[in-house]
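Student: The chain contents come next:
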Amino acid sequence: MKFWSKKNIFIIICLIAILIFLATMGNSPAVEFQNSDLKYSKPSTHHIFGNDSLGRDLFIRIVYATKNAISIALYSILTCVFIATIYGAYAGYASGIAEKIMVMIMNIIGSIPDFLIAIFLMMFFNNIGLKNNNGSLFGIFGTLVIVSWIPVARVIKNETKKIMNNDYILYSKLKGAKFFHIFFHHIIPNIKNTIIILVIQRVPSAIFLEAFLSFIGIGLQPPIPSLGKMISEGIKTARLYPHLLIIPSICLILIILIFNIIGEVLIKKLNDEELKNE
Amino acid sequence: MNNIININNFSVQYYCRKKYLEIIKNLNLRIEKKQIISIIGESGSGKTTLIKAIMKLLPQNAKTSGKLAIFGKIYNSENEMQEIYGNKIGMTFQDPFLSLNPTLKIKSQIAIIIKKKYGKINEKEIHNKSYELLKKLNFNNIEEVLDSYPSEISGGMNQKINIALSLEFEPEIMIFDEPTSALDYDSQDEVIDLVLDYYKRKKPLIIFVTHNIVLAKKISDRIIIMKDGCILDDSPKTDNGFIFNSEYARLLYNNALYEKNKSYEIRSSKKLIELKNIKKNFKKKEVLKNTNFTLCKGETVGIIGKTGIGKTTLCKIICGLYKASEGEIFIDKNTNIEMVFQSAKSSLDSKLKIREILNESNKINKKELYEDKVLLNYIKDFNLPVDTLERYPTELSGGQNQKIAIIRALLNHPNVIIFDEPTSSLDVNSQKDILDIINKIKEKNSLSYIFISHNPQVINYMCNRIIKL
Numbered sequence: 000m001k002f003w004s005k006k007n008i009f010i011i012i013c014l015i016a017i018l019i020f021l022a023t024m025g026n027s028p029a030v031e032f033q034n035s036d037l038k039y040s041k042p043s044t045h046h047i048f049g050n051d052s053l054g055r056d057l058f059i060r061i062v063y064a065t066k067n068a069i070s071i072a073l074y075s076i077l078t079c080v081f082i083a084t085i086y087g088a089y090a091g092y093a094s095g096i097a098e099k100i101m102v103m104i105m106n107i108i109g110s111i112p113d114f115l116i117a118i119f120l121m122m123f124f125n126n127i128g129l130k131n132n133n134g135s136l137f138g139i140f141g142t143l144v145i146v147s148w149i150p151v152a153r154v155i156k157n158e159t160k161k162i163m164n165n166d167y168i169l170y171s172k173l174k175g176a177k178f179f180h181i182f183f184h185h186i187i188p189n190i191k192n193t194i195i196i197l198v199i200q201r202v203p204s205a206i207f208l209e210a211f212l213s214f215i216g217i218g219l220q221p222p223i224p225s226l227g228k229m230i231s232e233g234i235k236t237a238r239l240y241p242h243l244l245i246i247p248s249i250c251l252i253l254i255i256l257i258f259n260i261i262g263e264v265l266i267k268k269l270n271d272e273e274l275k276n277e
Numbered sequence: 000m001n002n003i004i005n006i007n008n009f010s011v012q013y014y015c016r017k018k019y020l021e022i023i024k025n026l027n028l029r030i031e032k033k034q035i036i037s038i039i040g041e042s043g044s045g046k047t048t049l050i051k052a053i054m055k056l057l058p059q060n061a062k063t064s065g066k067l068a069i070f071g072k073i074y075n076s077e078n079e080m081q082e083i084y085g086n087k088i089g090m091t092f093q094d095p096f097l098s099l100n101p102t103l104k105i106k107s108q109i110a111i112i113i114k115k116k117y118g119k120i121n122e123k124e125i126h127n128k129s130y131e132l133l134k135k136l137n138f139n140n141i142e143e144v145l146d147s148y149p150s151e152i153s154g155g156m157n158q159k160i161n162i163a164l165s166l167e168f169e170p171e172i173m174i175f176d177e178p179t180s181a182l183d184y185d186s187q188d189e190v191i192d193l194v195l196d197y198y199k200r201k202k203p204l205i206i207f208v209t210h211n212i213v214l215a216k217k218i219s220d221r222i223i224i225m226k227d228g229c230i231l232d233d234s235p236k237t238d239n240g241f242i243f244n245s246e247y248a249r250l251l252y253n254n255a256l257y258e259k260n261k262s263y264e265i266r267s268s269k270k271l272i273e274l275k276n277i278k279k280n281f282k283k284k285e286v287l288k289n290t291n292f293t294l295c296k297g298e299t300v301g302i303i304g305k306t307g308i309g310k311t312t313l314c315k316i317i318c319g320l321y322k323a324s325e326g327e328i329f330i331d332k333n334t335n336i337e338m339v340f341q342s343a344k345s346s347l348d349s350k351l352k353i354r355e356i357l358n359e360s361n362k363i364n365k366k367e368l369y370e371d372k373v374l375l376n377y378i379k380d381f382n383l384p385v386d387t388l389e390r391y392p393t394e395l396s397g398g399q400n401q402k403i404a405i406i407r408a409l410l411n412h413p414n415v416i417i418f419d420e421p422t423s424s425l426d427v428n429s430q431k432d433i434l435d436i437i438n439k440i441k442e443k444n445s446l447s448y449i450f451i452s453h454n455p456q457v458i459n460y461m462c463n464r465i466i467k468l
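Chains as they are written, first to last, in numbering that gives the first Met the number 0: chain C, 0 to 277; chain R, 0 to 468.
Simulated from the structure, these hints should not be mistaken for laboratory data. Where is the CB? At the ideal position from N, CA and C, for every residue including glycine. Mixed in with the good hints, there may be bad ones.
Stated by the list, open to error - FRET-style restraints, in silico, Cβ to Cβ:
| no. | chain 1 | residue 1 | chain 2 | residue 2 | range |
| --- | --- | --- | --- | --- | --- |
| 1 | R | Q59 | C | N126 | 53 to 59 Å |
| 2 | R | K115 | C | N164 | 24 to 30 Å |
| 3 | C | N164 | R | I73 | 52 to 58 Å |
| 4 | R | E143 | C | N126 | 54 to 60 Å |
| 5 | C | F81 | R | R200 | 43 to 49 Å |
| 6 | C | K268 | R | K467 | 49 to 55 Å |
I would like the entire structure built from these sequences, with the hints used as guidance.
Tutor: The structure is reproduced here in C-alpha cells:
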C-alpha cells in the first residue's frame with residue numbers, strides 16, 4: 000500500500016492532533032495529591048500501582064509521566080527536524096564561504112556535551128520564574144532540540160548536496176530559481192522520505208535522553224512527573240519498596256521498545272515503496 | 000561440462016506501480032569459454048537486467064524463475080555472492096557519477112582498493128601506486144585529480160578510474176555495463192586498451208554490454224543480440240565476421256549510422272553569440288584558456304573535444320551560469336538561450352510529473368502555467384504516449400525523457416538551443432530518432448544550435464561548422 004495514501008495522511012494528522020491534545024492537557028491535580036497515610040504503600044485495589052514516598056498515587060503519576068515523555072520527545076524531534084531541514088538544505092544549497100560558516104557553526108555547537116546544554120537551559124528557564132517549575136519543561140524541550148538537530152542537519156545537507164549535482168537544478172537556476180523554489184520544488188520531494196525516517200529513528204532516543212537527564216536531576220523537575228526521576232528515587236528505596244523502581248523502569252522500557260518497533264515497521268514500508276517506484 | 004555461466008529458462012519480472020512487468024522471458028545462455036562477449040540491444044531489451052541478475056544485484060521488487068549458475072554453482076542472494084565478488088567476478092556500472100563515492104576524494108577511494116589488495120602498506124607506497132594507476136590512464140595533472148572529488152572531474156575520467164579500480168583485483172569474470180558511452184573517442188580507446196591488456200594477461204571472461212556496434216565488432220569473439228527480454232541472435236566470430244539469422248540483427252549489425260548529408264552553406268552572417276579569449280579557472284585548475292567561439296543565425300555549430308576539456312563549461316559560460324575569469328562575451332540582445340543536457344535522468348526530477356517539469360519555468364517566473372492542450376500538441380508531435388503528462392520520468396525510456404527535455408526547451412520559444420551530448424546515453428535507434436527530431440524542429444522554429452558531442456559521426460551529421468577544443 001502506498002505510504003502517502005489518503006488513509007495514512009489522515010492517520011498522521013490524527014497523531015498530530017493527539018499530540019497537541021496531550022501537550023495542552025497539563026497535569027491533573029491528582030498527580031500531586033499527597034496522602035501521608037499511604038506513603039510507600041504496595042499496589043492495592045484503590046491504587047493499582049501503589050503509592051510513592053509522598054503518598055502520591057503511582058499509577059496516575061506513571062500515566063502522566065509517560066504522556067510527558069512521549070509528547071516532549073515528539074514535539075522536540077518535530078521542531079528539531081523542522082529547523083535542521085531548513086538549515087541543512089540551505090547549507091547544501093550554498094557554496095563557498097556561506098557553506099563553510101554554516102558547517103563551522105554545526106561543528107562548534109555539536110561539540111558541546113549534552114548535559115552542559117541541559118544545565119544551562121534549565122538554569123535559564125528557572126530564572127525566568129515560571130511557576131511550578133514549568134521552566135524545566137522548556138529546558139528539556141530546548142535541550143532535546145539543540146542536541147538532536149545537528150546530526151539531522153548533516154544528513155539533510157549531504158542529501159541536498161547530492162540533489163544539487165543534478166542537471167535539473169542547473170535548469171532551475173538557469174530559469175532564475177532561488178533557494179525557496181529549489182527547496183520546495185526539488186529538495187523536499189526528494190528527501191521527504193529521509194526526513195520521515197530521521198524523525199522516526201530519533202524518537203526512542205529522545206525519550207531515553209529525557210529520562211536520563213531527569214534521572215541525573217537536570218531534566219524535568221518536581222512536581223512535573225518524569226519516569227527518569229521516578230526511577231532515580233526508586234533506586235534509593237529499592238530494597239524495601241521494589242515496586243517504586245520496577246514499575247517505572249518497565250514502563251520506560253516498554254515505551255522505548257514500542258516506538259522502536261513502530262519505527263521499524265514504518266521504515267520498512269517506506270523502503271519497500273521506494274523500491275517499487277524505481 | 001565446465002560452464003562458466005549457465006542460464007536455463009530464466010525469467011525476471013518487476014513489480015512496479017501495481018503491475019508485473021516481464022523484463023526477461025525464458026532466457027537460455029551458455030558461456031563455456033573465456034573470451035570477450037558483447038551483448039547488444041536497444042534500451043529496454045533487458046541487457047542491464049540480465050547482468051544484474053547474474054550479479055544478484057536485482058532490486059527487491061524483482062522476481063526471478065529458472066536456473067542461473069556461475070562456475071557450476073547456484074547463488075541465491077547477494078550475501079552468498081560475497082565470496083566471489085571482486086576476486087572471481089566483477090562489474091562496472093553505466094553511470095560514472097554513481098560508481099564512485101561522491102563524498103570521498105579520489106585518492107581516498109583508490110587507497111581503499113589498494114589497501115585491500117596489498118594488505119599492510121604504508122602511506123607513501125599507497126600514494127605511489129595511486130599515481131602509477133592514474134599515469135597508466137594517461138591523465139594530466141595527476142596530483143590535482145587525486146585531490147579532487149568525483150564531481151569535480153569529468154564523467155569520462157570517473158569512468159576510467161572506476162574501470163581501472165575494478166580490474167585491480169583481476170577477477171575471472173568481468174562485466175562491463177556500457178563502459179564507454181560517456182567517453183570521447185580517445186578515452187574510449189584508452190579504456191579498451193586497458194581492458195584488452197587485462198584480457199591478454201589473465202584471459203578472463205569479459206562480458207561487454209554496449210550499443211556501440213563498431214566497438215563490439217572490433218574486439219569481440221562472440222556477439223549476442225537481445226530484444227524484448229530474449230536473446231534474438233548469437234554468433235561467434237568466424238572468418239567472415241559475425242553471421243546473424245534474423246533480419247533485425249542483421250540491420251543492427253550493418254547499420255551504417257549516419258550518411259553524410261548536410262549542405263555546408265553558410266547562412267546569414269548575423270552574429271548571435273561571440274566569445275573572445277575566454278579563460279576560466281576553477282580554484283587552481285585552468286579549464287579554458289584563450290578560447291574563441293561564434294554562433295551565427297541559422298547555424299549548427301558543433302563543439303568537439305576530449306572528456307574534461309571544457310565543452311560543458313564553455314556552454315555554461317554562454318548561458319550565464321558561470322562567469323568567465325577573463326575575456327569578452329557578446330550576446331545579441333534578443334537572444335533567448337535554452338539548454339538540453341546530457342543525461343535525461345539527471346535533467347528531469349524523478350519526483351515530479353512531466354506536466355510539472357514542463358511548467359517549472361513558468362512557476363519560477365510566476366507566469367501562467369501552460370494548458371494541457373498546448374503541451375499535448377508537442378507530445379503528439381514528438382510521438383510520445385498520450386498519458387505522458389501524468390507520468391513520472393522513471394516511467395519513460397531514456398529516449399522519451401530526452402524528448403521531454405527538448406520540449407521543455409522549446410516551450411520558451413528560444414532562438415538558440417545548446418545540446419550537450421543529447422544522445423550519448425541512448426541506444427542507436429533512439430539516437431537517430433532524436434537527431435532527426437532536432438533537425439526537423441530547427442527549420443520549423445528558425446533556431447540556431449550549439450551541439451556538443453564526442454562522436455565525430457554525429458557531429459558531421461548535424462553541424463555546419465565544427466570547433467575543436
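Student: Hints first: check each against the structure and report whether it holds.
Tutor: Against the structure, the hints:
{"no.": "1", "hint": "R:Q59 with C:N126: 53 to 59 Å", "in the structure": "holds (55 Å)"}
{"no.": "2", "hint": "R:K115 with C:N164: 24 to 30 Å", "in the structure": "holds (27 Å)"}
{"no.": "3", "hint": "C:N164 with R:I73: 52 to 58 Å", "in the structure": "violated (39 Å)"}
{"no.": "4", "hint": "R:E143 with C:N126: 54 to 60 Å", "in the structure": "holds (56 Å)"}
{"no.": "5", "hint": "C:F81 with R:R200: 43 to 49 Å", "in the structure": "violated (57 Å)"}
{"no.": "6", "hint": "C:K268 with R:K467: 49 to 55 Å", "in the structure": "holds (54 Å)"}
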